[in-house]
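Undergrad: These protein sequence lines map, in sequence, to chains A and B. Each residue of the first sequence is one higher than the one before, counting from 3 in our numbering. Each residue of the second sequence is one higher than the one before, counting from 3 in our numbering.
Do not rely on the hints blindly, as some may be mistaken.
To be verified - One side of the interface only, derived from the structure: several residues of chain A facing chain B at Cβ under 10 Å:
1) Glu24
2) Val316
3) Arg325
Worth flagging that the hints you see were computed from the coordinates, not collected in a lab. Glycine included, every Cβ here is placed at the ideal spot set by N, Cα and C.
There are 2 protein chains.
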Amino acid sequence: MNNELQQIEAHIEQNRDRWVAELARLCAQPSVSAQNFGIQECAELVKTMLEEQGFAAEVMPSGGHPVVYGEGNGRSAKTLLFYLHYDVQPPEPLELWESPPFELTQRGNKVYARGVSDDKGHIIARLAALAAVREVLGELPCNVKFIIEGEEEVGSPNMPGFVEQHQEKLAADACIWEFGSVDFDGRPTQSLGMRGICFTELSVKTAVRDAHSGLGGSIFPNAAWRLTWALSTLKDQNERILIPGFYDNVVGPSERDLALLDATPDDSAELKASFQLDGYLRGLEGGLEWKKTAVFEPTCTICGLTSGYQGAGVKTVLPAEARAKVDFRLVPDQSPAEVVAKLRAHLDAQGFSDVEVKLLGGGRPAKVDPDDPFVQIAVETATAVYGEDPVVEPLIGGSGPNYPFIHVLGLPLVSAGIGYPGSQVHAPNENVDLDYFVKGIKHTAHIIYRFGNE
Amino acid sequence: MNNELQQIEAHIEQNRDRWVAELARLCAQPSVSAQNFGIQECAELVKTMLEEQGFAAEVMPSGGHPVVYGEGNGRSAKTLLFYLHYDVQPPEPLELWESPPFELTQRGNKVYARGVSDDKGHIIARLAALAAVREVLGELPCNVKFIIEGEEEVGSPNMPGFVEQHQEKLAADACIWEFGSVDFDGRPTQSLGMRGICFTELSVKTAVRDAHSGLGGSIFPNAAWRLTWALSTLKDQNERILIPGFYDNVVGPSERDLALLDATPDDSAELKASFQLDGYLRGLEGGLEWKKTAVFEPTCTICGLTSGYQGAGVKTVLPAEARAKVDFRLVPDQSPAEVVAKLRAHLDAQGFSDVEVKLLGGGRPAKVDPDDPFVQIAVETATAVYGEDPVVEPLIGGSGPNYPFIHVLGLPLVSAGIGYPGSQVHAPNENVDLDYFVKGIKHTAHIIYRFGNE
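Taking the hints into account, I'd like the entire structure generated from these sequences.
TA: Okay, structure coming up:
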């Protein structure tokens, strides 16, 4: 590590408490997107915090909650974009919090608050890294841009359109994504892509009200049966999705993807024990085939079923309405619009025109070339900061709005951050371990330094 | 109508307000079996009311809520048994009641309270009829017995065992069932039988907690899918129940049953309009085939589905648990025990040993010979009281504990009562029309008089 990087790391360590204080300030401002609670105020606060660090900032309309845009100039012509979000998950259930969710509280080496890790801790980590680099070098080594949205926790419905509309303004050479985490062994991870998602609601209404099952059982259409039969045509018991054309655009993993996947740790045994599963689907028992299936297969998951009487005991009712939430995880090159169209056509062909389909949220899958030089920077700097090589995941099972950044803005995109498996993201007592907070800031600073100087 | 019957009818009319007051007294005592609310107190009150009318009465254990047994002697050697129940449905939702549910309130010609029709009004109607007959004749024309249970609204789980155990005590020659009603045209109805019921809960548990759908979608078993697939093997889209042997014991309607059914009014158009159905199942459009299917076919009805996330919008969860309520209506000579055994064997054979089956309530189907002399008495006296021939239904779609009365005690069993289609039984603002109250008492009195004197 050269002298400048040593100074940068020292700066980060010396200023830790200053950035924890900034994190407390940001967490004290609620910003629950699902409840539209504190959103405008938080956007204004984030703008102010960017300006205090010397960046030009503005609150921009997105069609939904506003986006905070920021920018600052540096020595080189290259531009690094930070994608982040200022919105948080609802804090409920409140009774499970050990300290108030919107009041940063330190216990031991951890600080607790809603959003402290996801994603306010990452906003602060980027600012801390940039401040350290600028202080040591006297200026930033590259231009930087921020896009900090307010709808990530509700599926980023306006992000693709926003990026499309502001391509020029957002033009950059590389992007650091909103998150980053170590794994259960404390090893850093580098995620290169995410599956897409097509989240639908299927609903049936067969009558204006429920009937007595003794009256209608033999002669009335039953919404719960219609839904059950319709769902059973979507996927067979071998997990094969039966919608015609569903797999047409699936591009399987490359040899390189498989090699990367093979090198990731096998946590199948821990996962099976943690959820107390009898076994995995398709007879899988860990290994490369298990890893590959877990992320490179598209899915059709029933996330919820609701119809008729759901309480204890007996109620002899014939339901007039039934609904299912059905979530498709998509792999390259599937798209939500394509899946909804094929699902609609399939239901019609199977005689289920009475089953309504609503698209409640969607995003395309996207992944970055593992051999992109920016990915190499993220990997090598992780090794430098954490003292061991990161786990490189060619694709992860979850979803996020990375598609427009990769495919519209054309950016390589890496993860770097402060998370750890105990962060309790989306749950009560969300927290940040201050050691990983410092490491995440250092990793971000190393990437900025290397990116600007190469 | 002879002089004695004229005097009996006059007595009933003159004492109407006295029996409405008794009805108010009985309705003021809550007796919600599902909530075990006021049950013991109501049993004691019913015992007291029987004693006040000169009957010996006792509160007997049943294994669940107590049964009130009563008896009184009459002139002939013949014995008439009254089956009734003192328990009521829960009054909820309370906000929809226009007057307090446990306070009898008169508005116009109607009296409102929970249980006023089902079944407290019928308890009072029997007492009123017996009092009128005894007052006019100086004694009862036959022996009478009462069995007034406290669990009818929760499926009478202990009635078959109670009847079995007390066969000698309950010995009788005929039985008047708990209910009776006119139809939409004000015509009396005579029901000769009821379908049986086998009410089950199917449940699946695949993990100790829900998972993120991005994590487990491709590799974790999903309880909602397991349940959906299991259900879809139970019945095809043509309404054919696919459980092997399910139809083995089905005895279809006799020629006599079909002739009776053919003579009943066809209310298919009104029912379709009332529920705003697009159409009936199997392309039925009223007529004898529609009537026959409605009651002489066994059913498999999904009464409820519950799994995972059921709120608004998106939640990407993979459910660890799923449950369905499934109600089978049975026709002679099917039985709940047989259906549960065949269902279990079917699920095991189809690979669904992970789907647990619980029997939540059951009762066998049973019907009475339309040509039994006691049925003729009920029909002819209805004609005398209501001024028109009753609609005779060989079987109705609903279920009740009539099997042990018909097949263990060996009794012919008729309906006679105070109901009308606007009674709002089981719903808020349950009520009795006082004209039908008086007619139901008269019909009961006519049956007692004819039965004792023939």
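Undergrad: Decide, hint by hint, whether the structure agrees.
TA: Hints versus structure:
1. Glu24: violated (30 Å)
2. Val316: Result: holds, 5 Å to nearest chain B Cβ.
3. Arg325: holds (8 Å)
This entry does not satisfy hint 1, going by the numbered hints stated previously; all others are met.
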